[in-house]
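Residue numbers (our numbering), protein chains in the order written: chain A, 1 to 436; chain B, 1001 to 1431.
Derived by calculation from the structure, the hints in this document are not laboratory data.
Cβ coordinates follow ideal geometry from the N, Cα and C atoms, glycine included.
Don't take each hint at face value.
Stated by the list, open to error - Calculated from the model, a selection of chain A residues having no Cβ within reach of chain B, i.e. all distances over 12 Å:
(1) Leu71
(2) Gln98
(3) Asn99
(4) Phe206
(5) Met226
(6) Trp229
(7) Leu306
(8) Asp320
Said to hold, decoys possible - With a straight-line cut-off of 27 Å between C-alpha atoms, the simulated DSSO-like cross-links for lysine-lysine are:
(9) B/Lys1152 / A/Lys358
(10) A/Lys58 / B/Lys1180
(11) B/Lys1096 / A/Lys105
(12) B/Lys1152 / A/Lys127
(13) A/Lys58 / B/Lys1152
(14) A/Lys58 / A/Lys324
(15) B/Lys1223 / B/Lys1258
(16) B/Lys1096 / A/Lys109
(17) B/Lys1279 / A/Lys127
(18) A/Lys127 / B/Lys1096
(19) B/Lys1223 / A/Lys368
(20) B/Lys1180 / B/Lys1390
(21) B/Lys1159 / A/Lys358
(22) B/Lys1223 / B/Lys1096
(23) A/Lys109 / B/Lys1209
(24) A/Lys58 / B/Lys1141
(25) B/Lys1159 / A/Lys102
(26) A/Lys225 / B/Lys1159
(27) A/Lys102 / B/Lys1096
(28) A/Lys225 / A/Lys127
(29) A/Lys225 / B/Lys1209
(30) A/Lys343 / B/Lys1180
(31) A/Lys109 / B/Lys1279
(32) A/Lys40 / B/Lys1235
(33) B/Lys1152 / B/Lys1235
(34) B/Lys1180 / B/Lys1159
(35) B/Lys1159 / B/Lys1223
(36) A/Lys58 / B/Lys1279
(37) B/Lys1180 / A/Lys368
(38) B/Lys1390 / A/Lys105
(39) B/Lys1209 / A/Lys368
(40) A/Lys40 / B/Lys1152
Listed below are the residues making up each chain.
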Amino acid sequence: MRRIPGAASALMLSLVLGLGLIPLRAAGQAVVPDVDELKKSAVKVFLDCGDCDLNYIKTEITFVNYVRDRLEAQVHILISTQSTGGGGVEYTLAFIGQNDFKDMKDVQKYFSSKTDTDDDVRRGLVKALKLGLMSFVGRTPIAGRIAVEYTRPEASGSRRDRWNSWVFSLSGDSYFSGEETYMSRMVDGSFSANRVTPASKLRLGFSIDSYEQTYEIEEATITGKMSSWNANGLYVISLGEHWSAGVSVGAESSLYSNIDFGFGVAPAVEYNFFPYSQSTRRQLRALYTLSLNPVKYREETIFGKLRETLLKQDLSLTLDLREKFGTVSLSVEGSNYFNDMSKYRIDTFSIVNLRLYKGLTVYVIGGKSWYHNSQLSLLGREPTYEEQLLRLRELPMNSNYFTAVGFQFQFGSIFTNVINPRFGSSGGGGLSISIH
Amino acid sequence: MTKPQKLIAFLLATLAYLAVAPAAAQVPPPAPSVPPPSPLPRVFLDWPGGDIEFLRGEIPFVEFVPSLEAAQVRVAVTPGGPPETGTFVLEFTGFKEFQGETNRLSYVPDPGAKPEDVKRGLAGMVKIGLLRYVAKTPVAKDLSIRFLDQAKPTSVNDKWNFWVFSLSASSFLSGETQYKSGSYYGSFSANRVTPELKVRTSVYGDYSKSRFDFGDGTIYESKSYGYGSSGLVVKSLGEHWSAGAFLSLESSTYSNLKLSLNVGPAIEYDVFPYSQSTKRQLRILYRIGFTAARYREETVYFKTSERLLQESLSWAYEIVRPWGNASVQLQGSHFFHDFSKNRLELEAELSFRIWRGMSFEIDGSYTRIRDQIALSAGGASYEDILLRQKQLATGYDYSFSVGLNFSFGSTRSNVVNPRFGNGGRSISISM
């Protein structure tokens, strides 16, 4: 070996410095690593995200292996979302190391804004995923084939928020469908003005909708109509990591519920057993509301009233968990009227979606409500046959329920790296549940 | 009488106070969730004899500081492992806002690597280890991460050879005092998807039932069910062509089918390479199908069974871009025994960001239907029509929706305030 003279080595060093931005190369030019061999030992990732564009992520991030079962993975990426004050979404990416990477964990965030398109969001998520994955990829030989590039930003000052956290939104939608003997039409519009800061939350909104169905049966035309509007406001102040207090005001009108005009004002207080700062992963909230509600009915009610003023109390308890093993959301709510304590109502609701064991996913979604003379706005008259079949009016009931139960068991190949778009991607009889 | 009025007055007064309070009572402004544009993350390199100048050049997105006190991250580089391999161990420790964030990486130089290569490889590993911290600072937006190679997605050790089997069952029940409904669904599928070949097979069955009680002793019950199976094989022929075959078996009360078999070959051409499918596709699919059907009830054409040959051509364009996304699909088909038995379907969807804060969505479909050969001659009952339990004779169907959304104000605000809930959870189940 010939010794390199000092001057030459200095030149070489400055060359290297000058090329500081070029991607790092695997050491030893002579040894060209076999990429497909490296890929076999790449990090095994379980991507736990309800509404991500998985195909896009898998085509953009190819230096890891995707698996369909969480227990097989070396890193479980649990993505949970919450809405932001600006109307966008906060994505919290928890990178949880497993198996031989048990000692590693990290949390990254990505914020989308309300006006981002699908492509903006998926690109932003891919970037956050790549950054977070690097701590794991660094432990596998494929790390030598990753280039990190940095472009020095042009100086930009921080912009002051001249809107003072206010966000306004106006939207309108309409939907029409039909065939020769059937037509349906739906129109809705809404306006909202929100101001959300960590210290307080103010939401004001107005929405209106109308729905119409027409059936032609043997020369006759049957038309079903529903319409409603409502206006509401909510103001909440933060009282530390566990307590909040607020008040809501609202006005509404609904054909389905036989309400011509209803007004309500309701102060409320909430306690969260977990700190609010953990809310994207876990919440257990108890909310107590006292509401005063003067109401005017469209038609005389079953209790012979055309107008009345109601005073009601309401207590609800809600548990929301987003864990490695799945999603749990349970709530129970009870309310009663002070005018007549025998008029009460209880609602329960649950979503449980568990990844139990290798390849086995089970879900139970259900709700049941009990009404004890609490349907104060019920029509005094019998609804027509069509109103009943088309479910245009609220009907008397003691209780109602719904449940959805299902399971999925998968076995076979654990890898889900491949994207094959040929002949379309749909079909296959699989089942997917996404809970946001 | 006066009591509720007083209460209302009190509540209104409280409300009025609260409504003006947010602006006035906002004592110190809440801690901004986005920190002011901070300088680069500060790193203390603990590597006696290490070439810090070299690292400065290689890693321009952090600031190397001389003392641990000023640092947010400490990187300790020590030799480790068997000495002959020249392995280095890199310990990353976070301080201040990165408290508790640690990682341990190692760098093993290739045998016979030159010292310069070792240096650069080591710098690369330091860089990778620092990314988790940098990702949490505004510098993150100026970084990009690239994989230098193309690795085949099938480069894995898979003892199942890419076969995935799935068994699933689900049920949905709902009811109230005068109304009950239930539906059940089960399926089994076996799929194998590789870039060269796609195989999908499944069997399924469904059943649903609803019951109306009109309160006067009249009860109306309706039932519908169906089952079937399907298979698809697609072979890849380069970046633009694919060829394959479909097979399906179906029985359905809604469609008046006792049993219907549909089988045929198909060929597809994508104007854009398939590898760009998540960004754009323009696919043209041609298919010939043979159908052998037996009907539940005699059809409007007085048939109880028939064998038919059909061809279809479809054209689909999909694009996802920063401004939004769009798709258009046009599909036409006809039967060979009678060319007037045909169908033409057009579907389009556009979601478009007109301007910052203003977005527009439109989607619609129109189908011209001349091929309802399976319609039952017996027609449908009044209730079947209202509950949409039977397919009805029609020459067309359409749907159209349009939406416009305009937002302004602090739409970039990233504050999350979960108090009093953020609106309930939404669930979607797709099968």
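(Q) I'd like to know which numbered hints this structure contradicts. Please list them from smallest to largest. (A) 8, 10, 22, 23, 26, 28, 34, 35 and 38
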